[in-house]
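Build out the structure end to end from the sequences listed, making use of the hints.
Sequential numbering from 35 applies to the sequence shown in this note's numbering.
The hints are simulated quantities; they were obtained by calculation from the structure and are not laboratory data.
Take these hints with a grain of salt, some might be off.
Under the rule of at most 27 Å between Cα atoms (straight-line distance), these lysine-lysine pairs were calculated in the DSS-like manner [said to hold, decoys possible]: (1) Lys343 x Lys363; (2) Lys298 x Lys314; (3) Lys301 x Lys278; (4) Lys298 x Lys247; (5) Lys298 x Lys363; (6) Lys314 x Lys127; (7) Lys37 x Lys134; (8) Lys278 x Lys345; (9) Lys181 x Lys278; (10) Lys363 x Lys178; (11) Lys37 x Lys178; (12) Lys278 x Lys298; (13) Lys182 x Lys222.
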Amino acid sequence: MGKMIVSACLVGCACRYDGKSMPDPLLKAMFEAGDLIAVCPELLGGLDTPRNPAEIVSEDPVELFTNQGIDVTTAYRSGADQAVAVAKSIDAKLAILKSKSPSCGSKQIYDGSFQRQVISGAGVTTRAMRTAGIEVVNEEEASKRFKKNCTRILLLRHAESFFSSDERNRGLSESGVHAASVLVERYKDIFQPERIYSSPYRRALDTVKPLAKAWDRKIELDERLRERMSSETPLDDFTAFTKKQWLDHHFALLGCESLNDVAKRGKEMMMEVEAENRGKTVLLSTHGTWMAAVMHAFNPSFGYSEWKKLKMPDLWEMIFYRGVWVETKRVAKGR
35 MGKMIVSACL
45 VGCACRYDGK
55 SMPDPLLKAM
65 FEAGDLIAVC
75 PELLGGLDTP
85 RNPAEIVSED
95 PVELFTNQGI
105 DVTTAYRSGA
115 DQAVAVAKSI
125 DAKLAILKSK
135 SPSCGSKQIY
145 DGSFQRQVIS
155 GAGVTTRAMR
165 TAGIEVVNEE
175 EASKRFKKNC
185 TRILLLRHAE
195 SFFSSDERNR
205 GLSESGVHAA
215 SVLVERYKDI
225 FQPERIYSSP
235 YRRALDTVKP
245 LAKAWDRKIE
255 LDERLRERMS
265 SETPLDDFTA
275 FTKKQWLDHH
285 FALLGCESLN
295 DVAKRGKEMM
305 MEVEAENRGK
315 TVLLSTHGTW
325 MAAVMHAFNP
335 SFGYSEWKKL
345 KMPDLWEMIF
355 YRGVWVETKR
365 VAKGR
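Here's what the structure looks like:
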């Protein structure tokens, strides 16, 4: 489709009247991927941030006033004209503009009473874009339209396993086997991943096997999905050790792995998988620490407390747009 215009506030620019932004995760990723050019008509028109809110108070002729009674029609018209000029300079066919804005609203705008009442209508910039033959949609419509272009990577943490010093070969407990079968009931008809990758560790492999069979998919083993090597011998206090690693992501016992090491190999694998399966859905069967370390690498707010809340099994989804991370979320239970 080529490059598109987007309201700057939708990709993280703090240019709204209140000095804030209203970022949309997918649009922000599209901007970072280079598919969107950001504009703020109000700033182009010479208005400051923050500024008094304005609304369209008259249609014939179109007039805009602030809540303090100041006429800002000229600034809004100028900003609209400049935004259209930017769109034409990149031959944009589509503009994704902020809903309800007196500049950018495409379906609804505020009614001019400053009482937060909306009516059917379009903002000044939207009207100018449409007059120039440029399609305008709001952020919700754009997200629905472009979501199909995203890569969905499902992260499956293995089910409960029995204790054994043989990390690589310990299998699932009785309840873990049952939980793995329940995954089929929950997700068989919800997802249809094109490919399934798994840690070579038995507990991860046994967790995903029922799903792979239900989906008629082969399982591709990848050593980079393996569990963190935390210690060569059993730890006296695993919780204290883990807390220390989350406080210092470079901390590791001699010859073992830090969280940073796990995140590095995990992120490398994730980006390779995303590039090979762009626009598709894939599933990775792995381990709790691997999942947490990788999710933290993309979103630093995911930390020790979130790791502690991971379940066995647990299913999460990471969304990417052309190699740029969009969001991470836990998958709700199916039926």
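Evaluation of the provided hints:
1. Lys343 x Lys363: holds (13 Å)
2. Lys298 x Lys314: holds (23 Å)
3. Lys301 x Lys278: Holds. Lys301 to Lys278 sits at ~22 Å (cutoff 27 Å).
4. Lys298 x Lys247: The given pair, whose Cα atoms are some 31 Å apart, is violated under the 27 Å limit.
5. Lys298 x Lys363: Roughly 21 Å between the alpha carbons, so the hint for Lys298 and Lys363 holds.
6. Lys314 x Lys127: The given pair, whose Cα atoms are some 26 Å apart, holds under the 27 Å limit.
7. Lys37 x Lys134: Holds: Lys37 and Lys134 sit about 23 Å apart, inside 27 Å.
8. Lys278 x Lys345: holds (21 Å)
9. Lys181 x Lys278: Violated, because 38 Å separates the two Cα atoms, which is more than 27 Å.
10. Lys363 x Lys178: holds (17 Å)
11. Lys37 x Lys178: Within the cut-off at roughly 18 Å; holds.
12. Lys278 x Lys298: holds (19 Å)
13. Lys182 x Lys222: holds (20 Å)
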